Amino acid sequence: MMTWNSTRRLLKVMPLIPLMGTLSACAFMPSAGPHASLILDRKYNDVPVVEVTDQIAQQLLADYNTSQEAALQRIIAEVAIPEQSRIVLSPGDIVQLALWSQTSDNQTGVSSAPKPQEFGHYPIDLQGRVDLPYVGNVSVRNMTPAQAESAIARRYASISLFPQAVASLLVEENKSQNIVVMGAVNTPTVLNWSEGGVDLAEAVAKAGGFKVFDPSKAGSDLSVNNVLLVRTGKNFDIPMKTALERPIPLHPGDRIVLQHKPAVRALCLGGGWKTPTAVPFDTPPTLAEVLSGGGDMNPTTAQGRAIFVFKHDKRIIYRINFDRPDGMEAAQHFPIEDRDMVYIPVSRSVTLQQAVGIIMTAAYPAMMGAAI
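The sequence shown runs -27 to -1, 1 to 345 under mature numbering (1 follows the signal peptide of the UniProt record, and there is no 0).
I should point out that these hints are in silico values taken from the structure, not numbers from a laboratory.
The hints are all genuine.
Simulated restraints, written as ranges between beta carbons of each label pair: (1) Thr160 with Ala124: 33 to 39 Å; (2) Thr256 with Glu51: 19 to 25 Å; (3) Pro89 with Leu45: 48 to 54 Å; (4) Ala50 with Glu145: 34 to 40 Å; (5) Thr248 with Glu56: 45 to 51 Å; (6) Pro220 with Ser149: 21 to 27 Å.
If you're wondering where the values come from, they're calculated on a predicted model, not measured in any experiment.
Glycine included, each C-beta is placed from N, C-alpha and C at the ideal position.
Taking the hints into account, I'd like the entire structure generated from these sequences.
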């Protein structure tokens, strides 16, 4: 039972409780970003805030699709240039030689039909020479296969062992002009350059096609959605769908990497998310897809009246009111670009509940001490 003295002590402490709670809340209240009111207040934010209607969202989506298509067309125009380079021999290449020569029968003296003699496989050295049996080094550097065949045939025709010799040369490895296909393909491969040209889709097919994502298998590769084309030190990202649908001629020395590369990474931040994170998307999403696919929007803390999109490359903030039907309509069309931030502030009511909790936690020891 409380005495008069303990009651007097409690009455002295009680006026200090609100102040203690306020100080405690100010010092220790966790923050996941500014409240909506601060973003909308011109005293604290000088970045323009646009209230998004469905009409605005649809216009932004149309503009975005137009710019994406224009960017893709610029890439296609730069890479889809036919190439008709001849095969040229260079150091490091490997050739296979067969020699055709006409011989005569020892008894009748009648010449027999030409027969091929396989000589085997020979590398071209750093000086551009190929070391052949009986005739030694023959320079073939920067020659086409036909020119090299003539040079080799003349060398063999100069010795009595192979009269009227005709050389047949097969390029097995054309290192300076080969095309490498790697990444998420079933069979990474190296393709020799063909004077008839090589198409991008053809190169992917010769590498066994791209790997298919199987969610039932642990560690399975993600679905392939991008082709990285490396040409003369420059990189080009080509969507897989475009690479398969459009004729894109390759050039000697091209490098092709099939990969899974998110088209968009949406930054989901603010106290309205359960777990702030960067969410990848294979294709550019709308705001509605980020809110559903990005997941983990916290319905108990999120302030639906104020969902903000901070554009990564523009000094502008878009506000979508998700509590209204027209806001939900706008969310289905509003485009999210790579590195855009989808910011959902925490609700004021949640902050008030947290503050009350902190006040009560701070006041409880004082109240108990006064009651003793």
